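Order-wise, the sequence lines are chains F, L, S and B. Reminder that position 113 of the first sequence reads as 113 in my numbering, one-by-one numbering, no gaps. Reminder that position 78 of the second sequence reads as 78 in my numbering, one-by-one numbering, no gaps. Reminder that position 21 of the third sequence reads as 21 in my numbering, one-by-one numbering, no gaps. Reminder that position 26 of the fourth sequence reads as 26 in my numbering, one-by-one numbering, no gaps.
Everything labelled a hint here was simulated from the structure, so no lab data went into it. Check before you lean on any hint, since a few could be wrong.
Which copy is meant is left open, so a pair is good if it fits within one copy or across any two.
Claimed, not checked - DMTMM-like mimics (lysine to aspartate or glutamate), calculated; alpha carbons at most 25 Å apart, straight line:
1) Lys55 <-> Asp77
2) Lys53 <-> Asp77
3) Lys55 <-> Asp89
4) Lys55 <-> Asp97
5) Lys53 <-> Asp80
6) Lys53 <-> Asp97
7) Lys55 <-> Glu41
8) Lys55 <-> Asp43
9) Lys55 <-> Glu82
10) Lys53 <-> Asp43
11) Lys53 <-> Glu41
12) Lys53 <-> Asp89
13) Lys53 <-> Asp87
14) Lys55 <-> Asp87
Computed from a predicted model, the values in this text were never measured in an experiment.
Number of protein chains: 4
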Amino acid sequence: MSKAIGNTCWAIAEGYIPAYGNGPEPQFTSHETACLLNTGEQDAHVEITIYFKDKEPVGPYRVTVSARRTLHLRFNDLTDPEPIPRDTDYASVFISDVPIVVQHTRLDSRQSENALLSTIAYSSSN
Amino acid sequence: MSKAIGNTCWAIAEGYIPAYGNGPEPQFTSHETACLLNTGEQDAHVEITIYFKDKEPVGPYRVTVSARRTLHLRFNDLTDPEPIPRDTDYASVFISDVPIVVQHTRLDSRQSENALLSTIAYSSSN
Amino acid sequence: MSKAIGNTCWAIAEGYIPAYGNGPEPQFTSHETACLLNTGEQDAHVEITIYFKDKEPVGPYRVTVSARRTLHLRFNDLTDPEPIPRDTDYASVFISDVPIVVQHTRLDSRQSENALLSTIAYSSSN
Amino acid sequence: MSKAIGNTCWAIAEGYIPAYGNGPEPQFTSHETACLLNTGEQDAHVEITIYFKDKEPVGPYRVTVSARRTLHLRFNDLTDPEPIPRDTDYASVFISDVPIVVQHTRLDSRQSENALLSTIAYSSSN
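Produce the complete structure using the sequences and hints provided.
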């Protein structure tokens with residue numbers, strides 16, 4: 001499998017990091033994840049832009065997904081240029097220099113039992 | 001990122017606002033959300049039509065998503081031309097004058113622990 | 001909105017009706033739902049085929065989605081030609097004579113707090 | 001329904017098998033599933049490759065989905081060439097010799113109430 005599967009532009013319209021959680025950390029820390037998969041033979045250089053309801057977008061955040069690797073990126077961990085605020089609606093766009101696949105997952109542990117959601121992101125060629 | 005990503009026609013076949021909820025409001029109010037993302041440089045004027053099982057569609061509901069912004073729209077909050085009934089099956093269609101991305105999320109807090117679902121909506125060019 | 005949005009062939013590879021549930025019925029009966037949306041001006045005549053792991057497919061089940069209506073179909077309610085067995089893996093294919101949109105949702109109430117999943121189905125033209 | 005619906009290349013960027021679970025087994029064993037549907041008249045020979053964060057991909061795992069059948073494959077059950085490690089981020093790619101449909105589901109029973117997620121996988125022609 002050396003072929004690069006996927007697309008170079010991905011969007012996740014839903015985004016929300018709960019302000020708190022329950023359960024053993026880090027597995028049960030409330031988190032919002034973008035799962036990035038690079039099946040190709042070249043590293044993927046990805047630029048992420050974060051959109052908000054009532055202020056200008058922030059970014060780019062830069063991550064690299066090595067060739068033949070997956071990166072399950074917690075939005076909670078993004079800090080440069082600035083952390084993503086908690087308890088705030090946002091959305092995200094991923095632009096990669098090579099094709100990748102992006103899937104969105106949230107674990108919400110604010111109440112004592114965790115809840116999960118996941119969806120493949122929206123993709124297009126950029 | 002000034003390019004407008006997405007499509008101008010989106011459909012969510014699932015729709016259901018639970019009649020009640022548990023937990024601190026507004027975060028744990030049972031709600032059904034359409035997350036709209038406008039990455040472009042022009043405001044998106046969106047017309048929403050609500051479909052039912054046994055009566056004519058209602059709409060259009062009108063919302064604007066400003067350029068370079070996201071709007072996480074709770075169906076609970078739509079009131080004009082009329083509120084969406086609770087505990088009733090519905091579906092929704094979004095027609096925008098510029099490309100947007102739409103993702104569907106529900107938080108169901110009828111029982112003491114919340115449940116979540118999410119999916120990218122179905123899109124086509126209109 | 002008189003345009004028929006969607007596609008004429010849809011597939012849901014996941015299918016499983018839990019054998020039992022908890023909570024007030026019918027809302028909290030464990031159920032598996034296909035949400036069908038017909039935005040067009042003609043009734044949609046839909047034929048559903050159910051696939052299994054180790055026996056021949058069963059069908060067609062026939063449902064009609066009226067023009068400008070949505071039908072949230074519980075697989076639990078299908079009886080003709082035969083009910084879908086509980087606690088059994090299955091998959092489903094929907095063939096419609098006019099374009100529709102199909103979304104898949106499950107409410108699992110086997111444990112005391114319900115869980116939810118949803119995804120847009122896979123579509124193609126048939 | 002003898003037509004083969006779907007695509008020959010599918011990717012699931014999210015993958016994670018919880019290390020433990022609660023509730024009656026095997027239904028409530030924490031598990032990660034790929035639901036494969038083969039609507040065609042020829043058996044589907046599928047090669048699965050598993051991608052990781054920090055080591056080379058492993059595979060191919062080989063499964064067959066018979067003609068006109070669905071296979072709900074638990075990643076937990078894959079053993080050849082090697083089991084998939086628990087509590088570890090991974091991703092998966094499916095290459096089939098005939099068109100299939102792939103949907104991704106997780107049941108997480110680490111806490112006392114189970115959580116569910118599901119999404120259609122990303123597809124392309126290979």
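Now the hints, each set against the structure:
{"no.": "1", "hint": "Lys55 <-> Asp77", "result": "both (21 Å within a copy, 22 Å between copies)"}
{"no.": "2", "hint": "Lys53 <-> Asp77", "result": "both (21 Å within a copy, 16 Å between copies)"}
{"no.": "3", "hint": "Lys55 <-> Asp89", "result": "within (11 Å within a copy, 33 Å between copies)"}
{"no.": "4", "hint": "Lys55 <-> Asp97", "result": "between (27 Å within a copy, 22 Å between copies)"}
{"no.": "5", "hint": "Lys53 <-> Asp80", "result": "both (20 Å within a copy, 21 Å between copies)"}
{"no.": "6", "hint": "Lys53 <-> Asp97", "result": "between (28 Å within a copy, 19 Å between copies)"}
{"no.": "7", "hint": "Lys55 <-> Glu41", "result": "between (38 Å within a copy, 14 Å between copies)"}
{"no.": "8", "hint": "Lys55 <-> Asp43", "result": "between (32 Å within a copy, 14 Å between copies)"}
{"no.": "9", "hint": "Lys55 <-> Glu82", "result": "within (14 Å within a copy, 30 Å between copies)"}
{"no.": "10", "hint": "Lys53 <-> Asp43", "result": "between (33 Å within a copy, 13 Å between copies)"}
{"no.": "11", "hint": "Lys53 <-> Glu41", "result": "between (37 Å within a copy, 15 Å between copies)"}
{"no.": "12", "hint": "Lys53 <-> Asp89", "result": "within (7 Å within a copy, 28 Å between copies)"}
{"no.": "13", "hint": "Lys53 <-> Asp87", "result": "within (13 Å within a copy, 29 Å between copies)"}
{"no.": "14", "hint": "Lys55 <-> Asp87", "result": "within (15 Å within a copy, 35 Å between copies)"}
Of the numbered hints given earlier, the model fails none.
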